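*Asks:* This is what each chain is made of:
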Amino acid sequence: MLADTRIDGVAKAEAITPTKGRSLWRDAGYRFVRNRAALVSLFVLLGVVVFTIVGPFFARWSIEKIDWSVVGNVLSKGYPSVETGHFFGTDEVGRDLYSRVIQGTQVSLMVGIIGAGIAVIVGTIYGAVAGYFGGRIDSLMMRFVDILYSIPYMFILILLLIIFGRSFVMLFVGVGLISWLGMARVVRGQTLTLKNREFVEAAIATGAKPLTVIFRHIVPNLLGIVVVYATLLVPEMILLESFISFLGLGVQEPNTSLGALISEGSRTMQYGTIWQLIFPLVFFVTILFTFFFVGDGLRDALDPKDR
Amino acid sequence: MIQFILRRLAVAIPTLLVLIVVSFMLMKMAPGNPFAGEKNVPQAVLDNIFARYGLDKPEWQQLLEYVYNVVFRFDFGPSFQYRDRTVNDIIAQGFPVTFTYGAWAFVLAALIGVSLGIVAAVRQNSWADYFAVGVTIGAQVVPNFVMAPLLVLVFTLWLRWLPGGGWNGGHWSNVILPVIALSTSYMANIARITRSSMLEVLSSNYIRTARAKGLPSRQVIFEHALRPALLPVVSYLGPVFVGMVTGSVVIDLYFSTGGIGQAFVNSALNRDYSTILGITVLLGALTIAANLIVDILYAWIDPKIQL
Amino acid sequence: MAQVLTVKDLSVRFALHESEVTAVDGLNFALEAGETLAVVGESGSGKSQAFMALMGLLAKNGSVSGQALLGDVDLLNLSKTALNEYRGRDVAMIFQDPMTSLNPALRIKQQLAEVLVRHKGQDAKEAERNSIAMLERVGIPEPAKRANAYPHQMSGGMRQRVMIAMALLCQPKILIADEPTTALDVTVQAQMLDLFKSLTDDFGTALVLITHDLGVVAGVADRMMVMYGGRSVEKGTVDDLFYDPRHPYTLGLLHSTPHIAKRAARLDPIQGLPPSLEHLPKGCSFNPRCAFAFDRCIAERPPLTEAGPGRQKACFYEGPMAYGKVA
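Protein chains in written order, with full-length UniProt numbering: chain A, 1 to 307; chain B, 1 to 307; chain C, 1 to 327.
It is worth saying that the hints were derived from the structure and are not from the lab.
Computed from a predicted model, the values in this text were never measured in an experiment.
Some, not all, of what chain C presents toward chain B, calculated at C-beta under 7 angstroms: (1) 55; (2) 57; (3) 84; (4) 88; (5) 97; (6) 100; (7) 101; (8) 102; (9) 103; (10) 105; (11) 115.
The list that follows gives simulated cross-link-like pairs (lysine-lysine, DSS-like), each with its CA atoms no further than 30 angstroms apart: (12) 197(C) x 8(C); (13) 80(C) x 125(C); (14) 60(C) x 80(C); (15) 145(C) x 304(B); (16) 120(C) x 80(C); (17) 195(A) x 304(B); (18) 8(C) x 60(C); (19) 304(B) x 125(C); (20) 8(C) x 282(C).
We treat Cβ as the ideally placed atom computed from N, Cα and C, and that holds for glycine.
Same shape as in the complex, but just chain A (with noise of 0.2 angstroms):
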């Protein structure tokens, strides 16, 4: 009897620790879910990514197309109205402000994207083979890494767009250019502490070659730090586009971003045109909001740190 219990009793002992075997990824995505802003802010940004699909088709004027009937008397007539078919009022030309914002939030977006995806790629490459051969070859790399970050990169940004001209490809380059260096210590790191892991070690010992290793086994094991630092990224690339918009360097006209619009809207809103800041603006601080919050909710999902 007494046995009996004793048994009982370790069976019952066990059972109140349990240890579930959940994925790494199944157990992020259940923190992501939980985590209340991240998943809000999620839902925001695909809003904006739909309206910038839909949003076209419900304009009733084009980008470039000047509405006479404004223009000289923006202020007056120029103002926000679903009369006019100007949801967002014209700007200082006459030119469709919805129109504009919509392209603007898609060229933003693009920006953005692109860049985090060339950051993503030459990073993540660049990162785990210095992390991954370490020694001498690692320190060459991670110099020059160091050498490229210590320069002003603005200035020779903007060095390129004066000499090359501005267009999309130029500002994509440039963007890339810079966005693939923080990914790539990141990624380094990262592989420094992997390599030396035991499954690593024994693909090692089973005759792999070090590419079949690095793309095998190291880089999907970085997916999580990528895809956080990809997401928290994509804003940065906003803000740079936005920058060299701002500074007239950007995309030329009729085309526009963000950034430009921004800085068309805050040059004429002395004059009270005030909706031609707000509206971009709006559009503007919301993307880098929400992109921010859900790259802080995937940090904290797939954080190691916090497991």
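Given the coordinates of chain A, work out where chains B and C should sit on it, guided by the hints.
*Replies:* Same frame as chain A, now just chains B and C:
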């Protein structure tokens, strides 16, 4: 200590040379020549001009002479645009302005940012903490080129307290808005970094030891926690410096303060290549110097780094 | 002997997200001047938290109730500022991990001297001189030179010696050592225990040794208190408890400790896992793992009762205990 500085210089000096060479080569790749705008200039005159600027020599010789002049004589050569001024003149005019508001912004961002971060960490979950966290999140999405128009909107257009532009010989009323616009986002970032690193330090074992010794909280925070907690802040000061140098372009442009950023953008628009090159090299050198100082400061705070 | 510390009904609770956990539940004990009391238990038994509470070092979500009388001062009823007068001077504490318990950014002498400046009002020079003398006392070679070092320049054993020196600077009435040897090499452990013993004897300091290692207890302690699930289950002299344990848990602990000298065929560890504090079993918290448990143990919680001269236990079972040979 000296060895440490020498080792860092061994990296900094090649970096600077690379910067000069790359910028110079970019300049040479620019289409056309700086004097193409002048119509019907006789070839003889053009040759004359070329000879005057040393453009008739082979490019490698031009590069060597440029590097020699910059490094040993601190001479950036003549401006291609203003015949009667040298690049040194242009820099000498703009630099003091940029330095004035830049230094204020840097010091304010560091002092207020660190103080706010400490208060937020020590009084975690108090209103001060929520305020600091709120400001931080807000400032992340309000870059200087958005901050500047907003400040002008409130303090110049609505309240009419401060002038919305001009330098006025550095009168305090003209300095305030540029300084706030330039420093806000960095102040917020410094506060965020200080807060999280302070929180981490405060929960560390050695702070528990200090408390167990019966030291008053003030002593625990300022003598035991602050120094280790400042390490991440110090390493962020390098990027702050770069950001502020870049941001000065926005400040100069928006507030017409006449600093070096304005000179840069003007020469960019005028295709005054020698001035662009000169400013890029100068700011690059300053950035590299700033990073060097940050490195030394870091090593000085962290006894684990052997000097 | 005079009692330096009397703890009455000490409870420590931690607020979790939606619930509350009781880490220490109604602990009573007294500490006599100059004696060495070993507090023994598995991790999670509340042994560390009880003394963290005395030092006012609980985590932010922790709260404490009860009384801890140091003379006629109740340590648990003091403001933060008032408590600072006592900790470091009358009650000192040493922690488990010497590698991270010293401030990496300050020199050793600074970390020592500030204690004397704070509690004894010594000026900087005098404090530094006394600090170096104390470093010598704990067996640090070339103390004047080592005092200028930073913690990362010292080994773990050296750092723990520095911790001991720091704790004993004011010749406290009580020294609480929380697993002081766990993180150290075995060869260093014995030296450290000797050092504890001789220094606390010299200063007349009462030593509280928190540990899960009975080997440590055997060499140093006068009395011991065994804790389980936040309560004390058996108290008495070390000799009594080692040779004649009256609580099945004490017995189990003894049989889980390897004896090189005895060369038992195999160890007889306690079955099962320590209980989660959120779901303590009804009745005696040890009953699910106890080989001697009967109906009453599941229904009622046994109180701590006298079990002979100078010893107490919290167990209903009165029969003989032969471990591993039951049933």
